[in-house]
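*Asks:* So the chains spell out like this:
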Amino acid sequence: MERMGERQGACLLDVGPILGANIVFFARRIPRLFVCDLFRHLHEALGGKRPPDTAWRHLEYPLKQFDGIVLWDFLDHLEKEGALRLIRHIRRWIKPKGMLVVFSRDPDRSLEPFFAFEVQKEFRLHPRPIPRLSLPLYPRQNRAVMALLPGFSSIKSFIYRNGVREYLFRFEKTEPDMS
Amino acid sequence: MFERRKAQSSGEKVELAEKPMENRPATVTPKEGKTIIGEKITIEGDIRGQEDLIIEGSMKGKIELETHQVIVGPKGRFEGEIHADNVTISGHLMGNIFATGKVQITRDADFTGEIKARTISVEDGAFLKAVIELEKKTQKAIPSIGKAVKEETQATASPSLAAGKTP
Chain A
1 MERMGERQGA CLLDVGPILG ANIVFFARRI PRLFVCDLFR HLHEALGGKR PPDTAWRHLE
61 YPLKQFDGIV LWDFLDHLEK EGALRLIRHI RRWIKPKGML VVFSRDPDRS LEPFFAFEVQ
121 KEFRLHPRPI PRLSLPLYPR QNRAVMALLP GFSSIKSFIY RNGVREYLFR FEKTEPDMS
Chain B
1001 MFERRKAQSS GEKVELAEKP MENRPATVTP KEGKTIIGEK ITIEGDIRGQ EDLIIEGSMK
1061 GKIELETHQV IVGPKGRFEG EIHADNVTIS GHLMGNIFAT GKVQITRDAD FTGEIKARTI
1121 SVEDGAFLKA VIELEKKTQK AIPSIGKAVK EETQATASPS LAAGKTP
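Protein sequence lines correspond, in order, to chains A and B.
According to this note's numbering, the residues represented by the first sequence are 1 to 179, in order.
According to this note's numbering, the residues represented by the second sequence are 1001 to 1167, in order.
For reference, chain A alone in the conformation it holds in the complex:
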């Protein structure tokens, strides 16, 4: 992120949920921060019995717009086919060598109510319950997460005490059949 922040005109997409602390954190470091609350759109889509794709269908970002995308644990709330469809869009939006941040919960641990990750002091992330959002959970093992992201290579991954895993991916290639 430090390098991204130094790059003139660098663009980052935060897919939500809308947490003031996160927006301020990114906006102070990245030249152009794009914010769109996909979690809320998904909540509304599923509540209205609409397919999950309606959560991101309205997004019309240009090709290769973003140097980085923070997806948080959004994939955990999509079944496999929906997740793959979203990743196709992300592959269009992200620049070659662009970075993708993904979080995933431990499928072997008991499922907690919906929470978001809030950036707090000293760059710590704190899980923060969001009672207004109700979303299904499809937590996956490492391999299943990787399988959702063809064309991305894993740069770093971390596992935390509460079982949440964080992955940092880099987009390596665009395959014509997947774009």
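Among the clues, some could well be false.
[Claimed, not checked] In silico DSS-like pairs for lysine-lysine, Cα to Cα no more than 25 Å straight-line:
no., chain 1, residue 1, chain 2, residue 2
1, B, K1129, B, K1116
2, B, K1129, A, K49
3, A, K64, B, K1060
4, B, K1040, B, K1062
5, A, K121, B, K1102
6, A, K49, A, K97
7, B, K1136, A, K95
8, B, K1116, A, K95
9, B, K1129, A, K64
[Stated by the list, open to error] Example chain B residues on the side facing chain A (calculated, C-beta under 7 Å, incomplete):
no., residue
10, I1120
11, E1123
12, D1124
13, A1126
14, L1128
15, K1129
16, I1132
17, L1134
Keep in mind that the hints were calculated from the coordinates and are not lab data.
This one's a predicted model, so the numbers in the text were calculated from it and none came from an experiment.
Virtual Cβ for every residue (Gly too), placed ideally from N, Cα, C.
Starting from the structure of chain A, add chain B where the hints point.
*Replies:* For chain B alone, coordinates are given in the frame of chain A:
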């Protein structure tokens, strides 16, 4: 000097400045005056002037209040472009904000557009589809990510954003 006034009707251009700027002492920035566009008022056109503006009704156009504050209240709707010192959004706004000071977005806000400002605050739960660009003057005061990574790894703590050990 500046009395509270309410825009009474639609119009192409509403001038808020009571006196031309050259008649005032250069150091005085009148902050006490404000204009309210009431709930039942709809305006299409541009506004420019030298006092604060509160939109509780509906407006489409351009606002130029460079040294003043614009507030879009909870029932306010605005579509267009705002140039102001500070901007607070509690209602519906579609368009672009250029603020020399702070932009505040409350939890009731529904904002779609672009924000350029010196600082920003956003309440959790606001509806926001935005592009945000902040002035980077304060960048020197921000600790570098690298420093934070060191602190994080020493402190054995909860998750941190892209900071920690590679397994």
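*Asks:* Determine which of the earlier numbered hints do not hold for this structure and return their numbers in increasing order.
*Replies:* Violated: hints 3 and 6.
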